[in-house]
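Asker: The sequence shown maps to residues 0 to 188 in numbering that gives the first Met the number 0.
Wrong hints could be hidden among the right ones.
Claimed, not checked - Pairwise CB distance ranges, derived in the manner of DEER restraints:
hint	residue 1	residue 2	range
1	Ala188	Gly157	16 to 26 Å
2	Ile5	Gly76	46 to 56 Å
3	Ala74	His132	24 to 34 Å
4	His59	Pro15	14 to 24 Å
5	Trp104	Asp147	44 to 54 Å
6	Leu84	Thr4	21 to 31 Å
7	Asp78	Thr52	19 to 29 Å
8	Asp14	Glu112	35 to 45 Å
9	Thr4	Phe113	42 to 52 Å
10	Glu77	Ile129	36 to 46 Å
11	Pro87	Asp147	16 to 26 Å
Quick caveat, the hints were computed from the structure, so don't treat them as lab data.
The beta-carbon is built from N, C-alpha and C at its ideal position, and this holds for glycine as well.
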Amino acid sequence: MDTITICRCGWLNEDPLYINYHDEEWGFPVHDDRQLFEMLTLEGAQAGLSWYTVLKKRDHYLEAFDGFDPELVAAYGEDKIQELLANPGLIRNRLKIRGTVTNAWAFLRVQQEFGSFDQYIWGFVGGKPIQNHWQTLKDVPASTPQSDAMSKALKKRGFTFVGTTICYAFMQATGMVRDHTMDCFKYEA
Numbered sequence: 000m001d002t003i004t005i006c007r008c009g010w011l012n013e014d015p016l017y018i019n020y021h022d023e024e025w026g027f028p029v030h031d032d033r034q035l036f037e038m039l040t041l042e043g044a045q046a047g048l049s050w051y052t053v054l055k056k057r058d059h060y061l062e063a064f065d066g067f068d069p070e071l072v073a074a075y076g077e078d079k080i081q082e083l084l085a086n087p088g089l090i091r092n093r094l095k096i097r098g099t100v101t102n103a104w105a106f107l108r109v110q111q112e113f114g115s116f117d118q119y120i121w122g123f124v125g126g127k128p129i130q131n132h133w134q135t136l137k138d139v140p141a142s143t144p145q146s147d148a149m150s151k152a153l154k155k156r157g158f159t160f161v162g163t164t165i166c167y168a169f170m171q172a173t174g175m176v177r178d179h180t181m182d183c184f185k186y187e188a
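Turn these sequences into a full structure, and let the hints steer you where they fit.
Answerer: See below:
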């Protein structure tokens with residue numbers, strides 16, 4: 000019996016968790032503030048690691064960080080931070096965990112100023128996804144002028160772990176840019 004091979008982006012492995020993330024989530028526009036905070040947190044946790052490593056820990060993060068509710072995370076005190084640092088289901092990096100609390104505060108300030116984080120963050124792409132046309136994985140950049148601008152603006156607003164590469168990965172994950180390669184079945188012309 001012949002099987003049909005579905006072509007996907009070259010950064011995937013064969014884990015169904017990873018394939019599902021690629022097929023059902025990566026590159027789809029996200030406008031829910033809680034989900035945006037989740038992805039900003041997870042992309043920051045990825046710094047220096049692979050996305051696959053973070054993705055495998057995602058459920059632990061969801062539970063440990065109270066469903067990524069920024070109001071709850073902003074209220075974390077030292078006891079909660081120590082509890083998170085002892086949680087084997089998380090990437091136990093002190094700066095990243097403290098950075099998540101710092102980012103929750105900054106996130107809430109942006110919500111207050113702009114009405115929603117969504118309203119603010121999507122302004123970096125003019126409110127609609129940028130559809131890229133990359134032939135191969137090697138063509139996909141690590142950063143762009145938009146991610147540079149986002150990184151600079153977020154840092155100015157007090158966010159941490161928001162370098163331009165992290166911002167670009169965040170933009171890809173939340174559908175602000177669509178970077179499925181042209182040979183991927185999820186590519187949109």
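Asker: Taking 36 to 46 Å as the hint, is the beta-carbon distance of Glu77 and Ile129 inside that range?
Answerer: holds (41 Å)
Asker: Given the hint of 21 to 31 Å, is the C-beta distance from Leu84 to Thr4 inside that range or not?
Answerer: violated (44 Å)
Asker: Given the hint of 24 to 34 Å, is the C-beta distance from Ala74 to His132 inside that range or not?
Answerer: violated (44 Å)
Asker: Using the beta carbons of Ala188 and Gly157, state whether their distance is inside 16 to 26 Å or not.
Answerer: violated (39 Å)
Asker: So the hint says 42 to 52 Å: do the beta-carbon atoms of Thr4 and Phe113 match that?
Answerer: Given a distance of about 44 Å, which is inside 42 to 52 Å, the answer is holds.
Asker: Between His59 and Pro15, is the Cβ distance one that fits in 14 to 24 Å?
Answerer: holds (18 Å)
Asker: Given a hint of 44 to 54 Å, does the C-beta separation of Trp104 and Asp147 actually sit inside it?
Answerer: violated (24 Å)
Asker: Return holds or violated for the Cβ distance of Asp14 and Glu112 against the range 35 to 45 Å.
Answerer: holds (40 Å)
Asker: Determine whether the Cβ-Cβ distance between Pro87 and Asp147 falls within the hinted range of 16 to 26 Å.
Answerer: violated (36 Å)
Asker: With respect to the beta-carbon atoms only, verify the hint that Asp78 and Thr52 lie 19 to 29 Å apart.
Answerer: holds (27 Å)
Asker: Determine whether the Cβ-Cβ distance between Ile5 and Gly76 falls within the hinted range of 46 to 56 Å.
Answerer: holds (47 Å)
Hints 1, 3, 5, 6 and 11 from the earlier list are contradicted by this structure; the remaining hints agree with it.
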